[in-house]
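The primary structure of each chain is shown beneath.
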Amino acid sequence: MIWQPFRDPVLGCSSFLLGDEVTGVGLVVDALGSVGPDAYILAAQEAGLAIGFVVETHVHADHASAAAGLADALGLPVTLSHKAEASFPMNPVQDGAEIALGSLVVTVWETPGHTPDSVSLIVRDKTRSDDPWLVMTGDSLFVGDVGRPDLVDAEPELIRRAAQDQYESVHRLMTLPDFTELHPAHYGSSPCGGLFMSKKPESTIGYERRTNRMLAIDDPDEFAALQLNLLKPPPPDAARLRKLNLGDPADDAPVTAKRTAAVTDTLSWNSRGVLEDD
Amino acid sequence: MTDSAQELLEQSRQGTLALIDVRTTQAHTNGHVPGSVSAPFSRDGWGPAVADWLRSRSVTRVGILADNPVVGRAAGEALQAEQVTVHAVFDRGPSSWQEAGLPIVSVPSLTADELARQLDTRTVIDVREPYELRSGIVPGALTIPMGQLVRRTSELDRTARYAVICATGNRSQSAASYLADQGFQVENVRGGMALWLAGRHPVDYPKS
Numbered sequence: 000m001i002w003q004p005f006r007d008p009v010l011g012c013s014s015f016l017l018g019d020e021v022t023g024v025g026l027v028v029d030a031l032g033s034v035g036p037d038a039y040i041l042a043a044q045e046a047g048l049a050i051g052f053v054v055e056t057h058v059h060a061d062h063a064s065a066a067a068g069l070a071d072a073l074g075l076p077v078t079l080s081h082k083a084e085a086s087f088p089m090n091p092v093q094d095g096a097e098i099a100l101g102s103l104v105v106t107v108w109e110t111p112g113h114t115p116d117s118v119s120l121i122v123r124d125k126t127r128s129d130d131p132w133l134v135m136t137g138d139s140l141f142v143g144d145v146g147r148p149d150l151v152d153a154e155p156e157l158i159r160r161a162a163q164d165q166y167e168s169v170h171r172l173m174t175l176p177d178f179t180e181l182h183p184a185h186y187g188s189s190p191c192g193g194l195f196m197s198k199k200p201e202s203t204i205g206y207e208r209r210t211n212r213m214l215a216i217d218d219p220d221e222f223a224a225l226q227l228n229l230l231k232p233p234p235p236d237a238a239r240l241r242k243l244n245l246g247d248p249a250d251d252a253p254v255t256a257k258r259t260a261a262v263t264d265t266l267s268w269n270s271r272g273v274l275e276d277d
Numbered sequence: 000m001t002d003s004a005q006e007l008l009e010q011s012r013q014g015t016l017a018l019i020d021v022r023t024t025q026a027h028t029n030g031h032v033p034g035s036v037s038a039p040f041s042r043d044g045w046g047p048a049v050a051d052w053l054r055s056r057s058v059t060r061v062g063i064l065a066d067n068p069v070v071g072r073a074a075g076e077a078l079q080a081e082q083v084t085v086h087a088v089f090d091r092g093p094s095s096w097q098e099a100g101l102p103i104v105s106v107p108s109l110t111a112d113e114l115a116r117q118l119d120t121r122t123v124i125d126v127r128e129p130y131e132l133r134s135g136i137v138p139g140a141l142t143i144p145m146g147q148l149v150r151r152t153s154e155l156d157r158t159a160r161y162a163v164i165c166a167t168g169n170r171s172q173s174a175a176s177y178l179a180d181q182g183f184q185v186e187n188v189r190g191g192m193a194l195w196l197a198g199r200h201p202v203d204y205p206k207s
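Chains V and P supply the protein sequences, listed in that same order.
Just so we're aligned: 9 in numbering that gives the first Met the number 0 is position 10 of the first sequence, and the numbers increase by one with no gaps anywhere.
Just so we're aligned: 126 in numbering that gives the first Met the number 0 is position 127 of the second sequence, and the numbers increase by one with no gaps anywhere.
To be clear, the hints were calculated from the coordinates, so they are not data collected in a lab.
Some clues are possibly wrong.
As the list claims (entries may be wrong) - Pairs of lysine to aspartate or glutamate residues, derived as EDC-like cross-links and limited to a Cα-Cα distance of at most 20 angstroms, are as follows:
#1 Lys125(V) with Glu81(P)
#2 Lys242(V) with Asp177(V)
#3 Lys125(V) with Asp156(P)
#4 Lys206(P) with Glu131(P)
#5 Lys125(V) with Asp177(V)
#6 Lys231(V) with Asp177(V)
As the list claims (entries may be wrong) - A short, non-exhaustive set of chain V residues, derived as facing chain P with CB atoms under 10 angstroms:
#7 Val21
#8 Leu41
#9 Gln44
#10 Gly47
#11 Leu48
#12 Ala72
#13 Lys125
What the hints assert, rightly or not - Simulated DEER-style distance windows between Cβ atoms:
#14 Tyr130(P) with Asp71(V): 41 to 51 angstroms
#15 Arg133(P) with Ile1(V): 23 to 33 angstroms
#16 Pro4(V) with Arg133(P): 25 to 35 angstroms
#17 Gln97(P) with Gln93(V): 29 to 39 angstroms
#18 His170(V) with Pro102(P): 49 to 59 angstroms
#19 Pro33(P) with Ile1(V): 26 to 36 angstroms
#20 Ala99(V) with Leu141(P): 30 to 40 angstroms
#21 Asp119(P) with Pro88(V): 41 to 51 angstroms
We put the beta carbon where it would ideally sit given N, CA and C, even for glycine.
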């Protein structure tokens, strides 16, 4: 299996190029605007992969996505949850969908909570085993934490329900074997998680089972209450970024402005000591 | 477009222009323009290496075959920086090349699972190096390392149906193309021994 992460350390975002060297077919997950479409295309070419799928784990609310631009450059639709309503060409997927890349099989699980359109992607390499090797959880399960539930709706009751969905989703992910590698979409001080999120970008299902404080809670209401109590300030302009990442052309202010805004905010929280939890 | 495609093919045949296929090796072996040279683009040292090769053949003009504009443009710029004239860029993959009038050749292929079901009607040729055979071979396969294939075609039967296999299906594709050119009935085994083993099909262990 070919596996190449691309990260934005400032925004705490991870994206992935993976593929099957046997058939030369690859997949890009959560392409980042700050990396740009060309970097994924050239990296795939150098790894001997033709990108066959451009996938989003959800419609992001904290950063600009490069998925639509990348898919357009390759003449592909964006593979995304059927619950997302994007204006660009979409390949909608539902729970249980399988994306076959030669000897790799990527299984889609709907894991709502952070957003209704969140999915996790479980990867098996059939040349090695039928067992899962890794899971990309988007903003469902993080290293040390879980994805925040309040970026889509402002209504308190809907946020509480989203937090309960997140409880179900992360416990479903815990049914994967302990050795399964965990690769979330965020790490470090990203505003998409809570105060427990680790600066380490990846973990395993087993390590999180033992150590993740959110998973130690076995009551959905208590889980939701703790999550809402530990929220960081939201990413600036979350609603506008979600619209932008759905292909809404109405507001196309440069992404660099967003990036600067996000950095400034992170620094100002730090200066107030809000993030200094360790 | 057809005229320029014909002109390009003619110049490529005469050796006054080189058709450079900048896609991955895998993409090239799946189907390519006859006479094109496979040189997968990379951002590290590709331009000078290809320019050296062109100079060694006294060719100063190229046509670029790519499957997307990003790689096509990057390859063109890398060659222009080496004073190579980029005469044409086809950057939308084989289907668009065919629309432009360029022919595509490909060798038929089958999967490891299909081969396992049809093993009694085919003779397998394993073109891997001797040390690679220790991971197991398809039962009954002929073993002819890639480098010996050209001088050992006299051992092959023109009435037989051959399936060529290697580790992952790349080398066997080149070998199958060569054998097809020589008039043998051949297919390439996609995914090679990697998928034969992954499919839990039986193997023999050669003594050596």
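Double-check Leu48(V) for me: the hint is only fine if its C-beta lies closer than 10 angstroms to a C-beta in chain P. holds (7 angstroms)
Does Lys125(V) pass the interface hint, meaning its C-beta sits closer than 10 angstroms to a C-beta of chain P? holds (5 angstroms)
Given a cut of 10 angstroms on the nearest C-beta pair, is the interface hint for Leu41(V) held or broken against chain P? holds (6 angstroms)
Holds or violated: are the alpha carbons of Lys125(V) and Glu81(P) at most 20 angstroms from each other? Not OK: Lys125(V) and Glu81(P) at ~43 angstroms, beyond 20 angstroms, violated.
Checking one constraint from the list: CA of Lys125(V) to CA of Asp156(P), max 20 angstroms. Satisfied? Measuring from Cα to Cα gives roughly 35 angstroms; hence the hint is violated.
When you check the alpha-carbon spacing of Lys231(V) and Asp177(V), does it fall within 20 angstroms? violated (29 angstroms)
Is the straight-line distance between the alpha-carbon of Lys242(V) and that of Asp177(V) 20 angstroms or less? violated (37 angstroms)
Next item in the hint list is Gly47(V). Is there a CB on chain P closer than 10 angstroms to its CB? holds (5 angstroms)
Quick one, is the Val21(V) hint okay against chain P at 10 angstroms, beta carbons? holds (5 angstroms)
Given the proposed pairing of Lys125(V) with Asp177(V), does the C-alpha separation stay at or below 20 angstroms? holds (19 angstroms)
Note whether the CB distance of Tyr130(P) and Asp71(V) lies within 41 to 51 angstroms or breaks it. holds (46 angstroms)
Hint validity - Gln44(V) Cβ closer than 10 angstroms to any chain P Cβ: This interface hint holds because 5 angstroms falls under the 10 angstroms limit.
Comparing the model with each numbered hint stated earlier shows that hints 1, 2, 3 and 6 do not hold.
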